[in-house]
Amino acid sequence: MMTTQAPGVVLHNFYIYNPTYGPKEGQEHKKVLFFYPPSVNLDHQIRTIGLSEAVVQFADEFSPSKPCESVHTQKTRQIYLNPEPDFWIVMTIQIPATFKTEDGKTVAEYHEEDVQDIVYQAVLEQAYTMFKFFMGSFVDIINKFSVEELKNRLSHFFSKYLSTLRLNQSDILDIQNGIQFLPLDKNTYLRIQCFINLVEASFQQIKYTAFLYNDQLVWSGLEQDDMRTLYKYLTTSLFPSLLDTEESSSKGTHGSSHFGKFVKGPKDVKDTNSFIQIPSIYIHSATKTDVYHLVVYRALSATVCLMVDGGAVPSRDWFHKIDSFLGPQLSRLASDIAEQYANRKLSGGSQDYKFVYFNHMNLAQKTTVHSKKTAAVTISPEILRLIADINADFSKWDEDGEALMRTWTDWWVVGKKSDQREFYVAINQKNANLIEINEEVKKMCASHFTNIFFLD
Amino acid sequence: MADEELRHYIQLSPKPTRFEPTSKAVNVFYDEVRKQIFTVKANGSGGVTVKGPDESTSTSFIMEDKGQVISIKFSPDLKILAIQRSQRSVEFVNFFKKEDLVEYSQICKGKTHKIIGFNWTNKNEVVFVTDHGLELYQVLPEKKTLKSVKNISLNINWFVFMADSFLLITSSTPFGNVLTPFQFRMGTIFKLPKFDVDLPGIPKQALTKPCLLERDVTIANIYGILYVVVLQHQPRGPISKGAEIVLYQLQKESPAKKTDILKLNMTGRFAVNVLDNLVVVHHQASKTSMIFDIKLTAGSLGAVNQHEPVLAPLPIRPVKLKVSGIPTAQGLEMREIKVELYSPNWAVFQPNIVIDAKLGCLWTVHLKLEALVAMIPDKVRLIDFLLYRRDSKKVILSVIQSALAPGQQMNLETIARIFDKFNQVCKSHLDYEQQSNVQAVEGATRPMPVFFNGGRILIQQPDLYTHVLSPCAENKDIPYKFIVAVLVEYIRSLNQYQIPVQHFLYELVINTLVHHNCFYQLHQFLQYHVLSDSKPIACLLLSLESCYPPAHQLALDMLKRVSTANEEIVEVLLSKNQLLAALRFLRSVGGADNASARKFLEAAQNVGEPMLFYTVFKFFEQRNLRLRGNPQFMSGEHCEKYVKHFESLFGFDALGQVS
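If you're matching them up, the sequences are chains A and B in order. Per the UniProt record's numbering, the very first residue in the first sequence carries number 1; after that it's consecutive. Per the UniProt record's numbering, the very first residue in the second sequence carries number 1; after that it's consecutive.
No lab work stands behind these hints: they were computed from the structure. Where hints are given, some of them may not hold.
[What the hints assert, rightly or not] Partial list, derived from the structure: chain A residues whose beta carbon lies under 10 Å from chain B:
1) 96
2) 97
3) 181
4) 200
5) 201
6) 360
7) 362
8) 365
9) 418
10) 420
Here the structure is a predicted model, which means the values were calculated and not measured. All residues carry an ideal CB built from backbone N, CA and C; glycine is no exception.
The whole structure should be built from the sequences, with the hints applied where relevant.
Here is the structure:
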């Protein structure tokens, strides 16, 4: 007998359509706004979309208030999202399988439980939010430009974005979609605050500012949901890309006395020939959509995101002023934080348990399940899935609660929910019984949550 | 008019003390000690009028004409009058009995000695300064004699006296530049080490007569420290232009130390006042005055600080005087005349007196702080200057007020530095208070010295809140972002100086953010404990829940950290009908024993879920059992109604039984 493990969770296809665009026969191709992989021929695309349309309509018969969310088949899982009226995004994932060869015949065994709806719904939702943040909402683009422009933008954005998706590593963190905050003493925090206020007061074009240290947020002038998206972009896309290109702790633009430089902005402030290309972002509120230029500036490990008034791209002179204003001050702040950070790191130490914490109110997230350096997981996927399952249960339930589970492998997984906070611990203790584990977690909460109202 | 007002920073008191001007028959004397002006007509036979700062120090009387009066002074308690009419003696008159105006006299020692002057050094104590030394006498008014107490021999050219600290400084040696300070205390004379005043720029051969003159030397108390203020007319070397004032700081154990030089950049006749710790120098030729502040940062030349004037020299604000003019049917018509400023008839006395004997006017000199504000463009320096002034609080607050006003906002950096200045003073004040508290505990009580915070004005949180921050926050023309930035800057500064922030500032931050729907910003502030925990802030947060739901969690967290707010937490949970959470919380903090069962049962009944009611009821039955060995409620707990309700729901048998 031979067993082969298929590659884990793989994206099968990803498409966006609007069923109202080609209602007549022969015009079905108009419905297609984006299709991945592009190698699929149009005929097949139309048929795939047609099937999805049918599924959506069929589900609508039974549940008119809540549209279709997912379709389970033996080999695939389809996730549906209806982000704007009549627009549908569908993501199809291949179910991982193991292949056994028995008596010369290959039998596939599909692991349906490895793909959790709640995780991939979050992934899909995130994909749409990211598009909206950088490109604008579907409806806005069409109203302002055309369907053609929407197609261009979808293609431009998603062809890159999909390649960065790491579906294999999607887990509870994607569901929570939280923000990690930098623990900082009050005085340093106030200094950063005052620094930001000074920047915004000195450069009136800057409407909002965000301040990060490494991958941790210190301050956001943006509203929470927008910050969530920007944070996701910075920590999963922009910052990792820097690591490759950046010679760490190099001085800024040559000859300057500080460490500051633009990450999104002119590559070299002094080079008058280079073209300045910076992303736009779309901030949606109930009544309007505002467009801003996103300028990102970094000194050592500190990053400042400047949301600049969305008119003309600021002049080179402006960037020059920003550089000489931010550079020295940000460098100083960054090294002061680093000092504090170094002192803090010494405390802590190893733990014989792993946890994930999330607060819905401020999106604060902490995890020891995921290693910071490698982004690799320190516990088995099975346990991670268990956490996601408990989370799914909690989300259906308004009240506080807790769940204790035990795996085959002698791990205990405990989930707790108090008001808007969730706390998941995985403990590996052989022969421990429920009562002992309960006591253990109680102790943990008592020592970790002295500063917050967390009922155990 | 307004412009005119801004061209002067020194002014004279609007209501001068008026007296009869000097003439052939009228002599005028001023006593710095009692601040009295004496008008002596016909050597006293025509009457002596005394005008002091108020009624009690003013009087008039007639005395016999016994010759020209040289000097006339009351004793500190105004009971004895001393009159000098000759170079050899001083006469005394008891003034506590009106009828008894018989004079008694004291002749100085040594037949050839001359009295240069005399001064009261205590209630019944007088010192004669002769050209050969000091003679201290005790006056015995009942016996109408004086008793010699102490004599010091010393050749003396002239002397200056400072009333407030009973300090006398004499000039000796042929050139007059050796000064010896004496202090009078407890009926005796303390001689301090003598010191030389440099006489730079004067050629050795010119040193034939006294080069340091009485009119160029004064004693001043500046920032609580005694200085000898010496005017030096001669330029120091060929490069420097103009006269200088040199400050010698008096020391207890060693000769006075040259510490500061004030550059006058002009030559001619000067007169010096000391006003609110500023040295005010009047220059006659240019008819201007200038001010020096030795606390403002200065350049230094070795150990000596060099100071430029705080501002360019400007004239004293013009004053008018009403004088009687032509006689008319109604009497003498009053008319206004312009007073000639910097007149040759002016005499300047310490600390801030200007007398024009020909006009018959005594003014006090004052600073116009409001006018100064516009003249010092560097606002940080301005605040530095103002903090050291006595009555500057209002002006300081108006400066910072206008700094935040729409259209003329200062940049945040400047505001930050100004806040730091304020808090630096507050911090030293706090430290001092703490120190004196410790001492008070130890039993050593010490009066608070005037200059414990460097003589600076305290600008504290309530001042800024009431006069500046709160009005600004209400001003719709000021962008809220700027207000918040200023508030955060102030909180940062307070924290940096470890001054506890008062909760009304936090409330102002919260209210400003809430009014502009900046809940997420507020949330982040709380997350980093920028707004410190307190019950009032927690309650304020609770009230915000309806417009910002996360405020509920923030409030609960804060109450938990306050740690004395367990009752409040239970109330909050009960108000949200989270009964089980409330019970669990009670249990976790061990508060169940004293909890009011009635309150919980009432809340449980109101929710209307039988199972919830059951759980709550059983929780308290178990508590009763644990406390008293009996599940029943005590009659004092008033739970009968709920016991009945329980029975009606679950039957009598479900009630806890005594085992």
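These are the hints, each one checked on the structure:
1. Checking residue 96/A against chain B: minimum C-beta separation of about 39 Å lies over 10 Å; hint violated.
2. Interface hint status for residue 97/A: violated, as the beta-carbon distance to the closest one in chain B is roughly 44 Å, over 10 Å.
3. With its C-beta approaching chain B no nearer than about 7 Å, residue 181/A sits inside the 10 Å limit, and its interface hint holds.
4. A hinted interface residue such as residue 200/A counts as satisfied when its beta carbon comes closer than 10 Å to some beta carbon of chain B; here the least separation is about 7 Å, so the hint holds.
5. For the restraint placing residue 201/A at the interface with chain B, the shortest Cβ-Cβ distance is roughly 5 Å, inside the 10 Å limit, so the hint holds.
6. With 10 Å as the threshold, the beta carbon of residue 360/A comes within range of chain B, its nearest partner Cβ sitting at about 8 Å, so the hint holds.
7. With a least beta-carbon distance of about 6 Å to chain B, the hint placing residue 362/A at the interface is held under the 10 Å criterion.
8. Because the beta carbon of residue 365/A sits about 13 Å from the nearest beta carbon in chain B, more than 10 Å, this interface hint is broken.
9. This hint holds: residue 418/A has a C-beta 8 Å from the nearest C-beta of chain B, less than the 10 Å allowed.
10. The beta carbon of residue 420/A is positioned within 10 Å of a beta carbon in chain B (closest approach about 6 Å), and the interface hint is therefore held.
Hints 1, 2, 8, counting from the list given before, are not met by this structure.
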